[in-house]
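Heads up: the sequence lines are chains A and B, in that order.
Here numbering that gives the first Met the number 0 is used: the first residue of the first sequence is 0, the next is one more, and so on.
Here numbering that gives the first Met the number 0 is used: the first residue of the second sequence is 0, the next is one more, and so on.
None of these hints come from the bench; they were simulated from the model.
None of these values were measured; they are calculated from a predicted model.
Treat the hints loosely; a few may be bogus.
Chain B residues, not near chain A, derived (Cβ > 12 Å throughout) [claimed, not checked]: (1) Ser56; (2) Leu80; (3) Ser114.
Covered stretches of chain A, as calculated for chain B (at least 3 residues, CB under 8 Å) [claimed, not checked]: (4) 56-63; (5) 108-116; (6) 140-153.
Not everything, but these chain B residues come out facing chain A in the computed CB check (under 8 Å) [stated by the list, open to error]: (7) Phe41; (8) Leu134; (9) Arg137; (10) Ile265; (11) Glu267; (12) Met268; (13) Gly269; (14) Gly274.
All C-beta atoms, glycine included, are put in the ideal place defined by N, C-alpha and C.
As a plain string of letters, each chain reads:
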Amino acid sequence: MSAVAEQTTIGETVESSSPGRRQAREEHPVPLLFRVITVLTFAYLLTPAVIVVLAGLNSGEYLRFPPEGLSLKWVWDFFESPVFLPAYLFSLKLAFVTMVIATVIGTMAAIFITRVAFVGRGLVRAFFLAPLMLPGLVLGLALYTYYLNLPLGLSRTFWGMMLGHILVTTPFVIGTVSAALYGFDRSLEDAARSLGAGSLRAFFTVTLPSIKAGITAGSLFAFIVSFGQFDLSLLLSTPNQTPLPIAMYISLRYQFEPTAAAAGMFAIALVVVSMVLTAKLGALSRIGGIKFS
Amino acid sequence: MAVTRAEPIGQIGQHKPKWGVPASLRMVLLVLPSAAMFFIFFIVPVMLLFAIAFNPSQSGVVKFEPEFSLETFRRFFDRPLYYEALIRSIVLGITTAAVALLFAYPLAYFVAKESRPGRINLYMILILVSLQLDLIIRMYGMMVLLGDTGLINQALMRYGIISDPLPLMYNTFGVVVGLVQLTLPFMILSLIGIIQAINPALEEAARSLGAGRWRTFFTVTLPLSMPGVLAGSLLVFAIAIGSYAVPVLMGGWRVIVTPMHIYQQIAEMGYWQFGAAISCMLFGVSLIAVFIYHRYTQKLIGGLV
Numbered sequence: 000m001s002a003v004a005e006q007t008t009i010g011e012t013v014e015s016s017s018p019g020r021r022q023a024r025e026e027h028p029v030p031l032l033f034r035v036i037t038v039l040t041f042a043y044l045l046t047p048a049v050i051v052v053l054a055g056l057n058s059g060e061y062l063r064f065p066p067e068g069l070s071l072k073w074v075w076d077f078f079e080s081p082v083f084l085p086a087y088l089f090s091l092k093l094a095f096v097t098m099v100i101a102t103v104i105g106t107m108a109a110i111f112i113t114r115v116a117f118v119g120r121g122l123v124r125a126f127f128l129a130p131l132m133l134p135g136l137v138l139g140l141a142l143y144t145y146y147l148n149l150p151l152g153l154s155r156t157f158w159g160m161m162l163g164h165i166l167v168t169t170p171f172v173i174g175t176v177s178a179a180l181y182g183f184d185r186s187l188e189d190a191a192r193s194l195g196a197g198s199l200r201a202f203f204t205v206t207l208p209s210i211k212a213g214i215t216a217g218s219l220f221a222f223i224v225s226f227g228q229f230d231l232s233l234l235l236s237t238p239n240q241t242p243l244p245i246a247m248y249i250s251l252r253y254q255f256e257p258t259a260a261a262a263g264m265f266a267i268a269l270v271v272v273s274m275v276l277t278a279k280l281g282a283l284s285r286i287g288g289i290k291f292s
Numbered sequence: 000m001a002v003t004r005a006e007p008i009g010q011i012g013q014h015k016p017k018w019g020v021p022a023s024l025r026m027v028l029l030v031l032p033s034a035a036m037f038f039i040f041f042i043v044p045v046m047l048l049f050a051i052a053f054n055p056s057q058s059g060v061v062k063f064e065p066e067f068s069l070e071t072f073r074r075f076f077d078r079p080l081y082y083e084a085l086i087r088s089i090v091l092g093i094t095t096a097a098v099a100l101l102f103a104y105p106l107a108y109f110v111a112k113e114s115r116p117g118r119i120n121l122y123m124i125l126i127l128v129s130l131q132l133d134l135i136i137r138m139y140g141m142m143v144l145l146g147d148t149g150l151i152n153q154a155l156m157r158y159g160i161i162s163d164p165l166p167l168m169y170n171t172f173g174v175v176v177g178l179v180q181l182t183l184p185f186m187i188l189s190l191i192g193i194i195q196a197i198n199p200a201l202e203e204a205a206r207s208l209g210a211g212r213w214r215t216f217f218t219v220t221l222p223l224s225m226p227g228v229l230a231g232s233l234l235v236f237a238i239a240i241g242s243y244a245v246p247v248l249m250g251g252w253r254v255i256v257t258p259m260h261i262y263q264q265i266a267e268m269g270y271w272q273f274g275a276a277i278s279c280m281l282f283g284v285s286l287i288a289v290f291i292y293h294r295y296t297q298k299l300i301g302g303l304v
């Protein structure tokens, strides 16, 4: 709850502080037109989330202009909902298992990619990025078809869906951890080795602690990507295994349920908390290996 | 694969091998779980799907059969329903990329010119939160805003500006608004780094030689940021043409795009071969976009890795 409140205040800070403050003496480094569009774009980016929070805290059935009173009615409704609460918990479970596996195999792959020089390294990277290049619906369809052709009994199971989620989250872990490893001074590890530590011991006592922030950021990213995954889950989920985005989608096709907005509020809180944590770790610039200085 | 040619850098080999295997081989063990998993659950399934697209069409049959036929593709190009949807998807993708660029560039420029680290962090949190937020939640917000009885129409009608609700949703306009909402963060992130990397001395030189701020922007800054513009546009295009949920929710089944046909063929009709063939066509278009993207920039998706 506090995270949601925090997010709203952040939004207000931006809008009030960006345009036309210090025009008097020197020229602002950003032209006025650009500053105006910046405010509009931030509004465009964040308004939907603000509306979902308002709809979840609204006292009426439907959001009106001007808004009616606030109430926690829909929040309590969410806690008792036979649809959205199980979906939320299912998404948490799925995202957690996905995160753990993606973090382990992604970190291992990142060490290999950054530490071992070999011909075709670029190719291996492209290989690990490939699942992100396919539209999620097509990837989901490919897995669905594959499971039906295989006698492994993976179709319409938790594990089948989880495997798909691992495919689309591991690339982010690899990207984030690789960025951290490139930034790590290898001579520190060499020093440990020359003082007699074995390669594994040097890795676990010197390297791992210093790339911990990168790994945490990568796993948070993986968690959120899995939690909000829609396209991939669409063909892989079943009526008793419904992640939150699918449950919300099904309800949204027919009506605006305020209970869905309340569930959405808790999902927004999760994303905001994870991003603030990532910022605290100083790993914001490494998210998924996205480069900005 | 190239993996077998691995050589250690540094002096890993000098230390006594713990498990009696060479160090380079032990390093390969690190990549093995992910590589095996990606091979078994990504490469093979995608190849199987594309192989099924070349099977003769049979309703309700999922299993791959060793029979070759171009029937499904012929059907795709024979029926205007299907190829028109693909053309519509491509037009929507291009429109989305253009609109997203107009909104994203000024914001990226603004963040790139900011020097206070605290502010940059704040802006990045806002951009990343909007990137990571589940798209269905965002569409819920957009629908409450844009619907016939939505907030915008309620406000405009209350103040007597309009008497009938504006058609802001369940049409092409609504779909573009939704797709831009979905893809804006990707465009912004593709642009920030590249604008930051432009040497400010170049802009200052243009200014000191008498160019106005807009002339400097159009002759120096914008051309130098073209790799980011192109990368972002193609990334946005690829995401937009693959989106299923946004056209369904914002278009209300009135704007039919290719991903809807894929879902319909599979989930409603059971024509797996035809669904697979349409997927091939959609993937082909994304692949062309990615190919153009690679020709113009060395970076992979959004500068990833």
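Here is what the structure says about each hint:
Remark: the non-interface label on Ser56(B) is consistent with the geometry, its nearest Cβ contact in chain A lying 14 Å away (cut-off 12 Å). Separation of Leu80(B) from chain A is adequate, the least Cβ-Cβ distance of about 19 Å exceeding the 12 Å criterion. Not every CB of chain A lies more than 12 Å from the CB of Ser114(B), the least distance being 9 Å, so the non-interface label is violated. Only when three residues or more bring their CB closer than 8 Å to a CB of chain B does the claim for the segment 56-63 of chain A stand; here the count is 3, and the claim holds.
Only when three residues or more bring their CB closer than 8 Å to a CB of chain B does the claim for the segment 108-116 of chain A stand; here the count is 7, and the claim holds. Coverage of a stretch by a chain is defined here by at least three residues with a beta carbon nearer than 8 Å to that chain's beta carbons; for the segment 140-153 of chain A and chain B the count is 8, and the condition holds. Look at Phe41(B): its Cβ gets to within about 5 Å of chain A, closer than 8 Å, so that hint holds up. Because the beta carbon of Leu134(B) sits about 6 Å from the nearest beta carbon in chain A, less than 8 Å, this interface hint is met.
Hint status for Arg137(B): holds, given a least beta-carbon distance of 4 Å to chain A, under 8 Å. Proximity of Ile265(B) to chain A holds as hinted, the smallest CB-CB distance being about 6 Å (cut-off 8 Å). Violation of the interface hint for Glu267(B) is found here, the shortest Cβ-Cβ separation to chain A being roughly 12 Å, above the 8 Å cut-off. Because the beta carbon of Met268(B) sits about 14 Å from the nearest beta carbon in chain A, more than 8 Å, this interface hint is broken.
Restraint check, Gly269(B) versus chain A: the minimum CB separation of about 11 Å is more than 8 Å; hint violated. The interface hint given for Gly274(B) holds, since its Cβ lies 7 Å from the closest Cβ of chain A, which is under the 8 Å cut-off.
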